[in-house]
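In this note's numbering, the protein residues as written are 100 to 346.
Bear in mind the hints are in silico, worked out from the structure with no lab data behind them. Heads up, the beta-carbon is just placed ideally off N, CA and C, and yes, glycines get one too. Be aware that a few hints might be false.
Distance condition first, Cα-Cα at most 20 Å in a straight line; then the derived SDA-like pairs of lysine to any residue [stated by the list, open to error]: (1) K145 to T184; (2) K145 to T170; (3) K192 to R261.
With beta-carbon atoms standing in for the labels, derived distance ranges [said to hold, decoys possible]: (4) P190 to Q290: 28 to 38 Å; (5) A177 to G282: 43 to 53 Å; (6) A216 to N168: 48 to 58 Å; (7) A284 to A216: 14 to 24 Å; (8) G282 to R164: 18 to 28 Å.
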Amino acid sequence: MADEGRRGGERGADGGQEAGGGRVRGRRPETGFTVEEERLTLRERKKLRTRQRISGEATLLFIQRGFDNVTVAEVARAAEVSTMTVFNYFPRKEDLFLDRIPEAQELIVRAVRERGAGEPPLAALRRLVLGLLAERHPLGAVGEGFEHFWRTVLDSPALRARGREAVEEAEGVLAGLLAEAAGGAADRPGQDARLGAALVVAAIRVAYVDAADRQLGGDPVDEVAVEQAEVLRRTFDALERALPGFA
């Protein structure tokens with residue numbers, strides 16, 4: 100998903116606030132940086148801004164004209180960089196639009212590994228997912244203008260395929276984390292960890308797809324968000340019953 104929220108194909112500022120145990124950070128109004136970004140060196144910040152500019156221009160083009168109708172060269176011209184620079188930041192064209200895949204994986208890792216003492220992994224994941232939704236973070240699936248993102252994905256076989264890959268990648272990451280939390284090796288998760296990760300990812304995916312369908316159907320965002328929060332709570336209640344070893 101694009102680096103900043105989109106409303107009607109226009110870039111919008113990320114005004115999110117910190118959300119509970121998910122450790123999601125908004126931007127400081129006085130600097131324009133998140134807490135994490137303020138710890139970066141000047142060179143690292145410049146690279147981050149270049150990445151955001153490329154992704155932002157790509158997102159506008161993809162939403163306006165369709166993902167498959169825009170070339171990487173056109174994205175490079177819009178962002179005022181070379182095509183090689185685009186590929187230095189985004190190895191695949193699909194990652195220009197689905198640019199939050201690394202962030203999603205990082206948030207999952209941090210939620211599980213940095214959870215409180217005695218806190219089960221599923222509780223940490225519950226707080227993360229509900230926090231993203233409350234913040235209207237793009238990874239929370241519900242927000243103003245998000246229907247433009249979902250429609251662009253649905254209209255592109257390439258983006259849908261990359262999305263399926265991202266789900267598989269998230270499942271693999273989570274399996275390792277659950278194995279680690281249970282005292283095993285992250286690089287060799289057992290059946291319980293793999294099954295647990297598959298169930299968690301599938302359950303969240305179903306909830307997200309339903310939220311996307313409702314927004315595409317024109318349901319009010321606030322209404323979708325309230326009901327989505329309840330869906331996610333019921334989802335995690337069911338997961339905790341099904342996976343007591345991680346609850």
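Check the hint pairing K192 with R261 against an upper bound of 20 Å on the C-alpha distance.
holds (10 Å)
A177 and G282, beta-carbon distance inside 43 to 53 Å?
With Cβ atoms ~50 Å apart, the hint holds.
Using the C-beta atoms of G282 and R164, is the stated range 18 to 28 Å upheld?
For R164 against G282, whose Cβ atoms are near 51 Å apart, the range 18 to 28 Å is violated.
Taking the beta carbons of P190 and Q290, is their distance inside 28 to 38 Å?
Holds, at about 32 Å.
Satisfaction of the hinted span 14 to 24 Å by the C-beta atoms belonging to A284 and A216
22 Å Cβ-Cβ, so the 14 to 24 Å window holds.
What's the verdict on K145 and T170, does the C-alpha distance respect the 20 Å limit or exceed it?
It is violated: about 25 Å lies between the C-alpha atoms, which goes past 20 Å.
In this structure, is the beta-carbon distance linking A216 and N168 contained in 48 to 58 Å?
Holds, since A216 and N168 (Cβ atoms, about 52 Å apart) stay within the stated range.
For the pair we were handed, K145 and T184, check the Cα-Cα distance against 20 Å.
holds (13 Å)
Violated hints for the displayed structure, listed by number in ascending order: 2 and 8.
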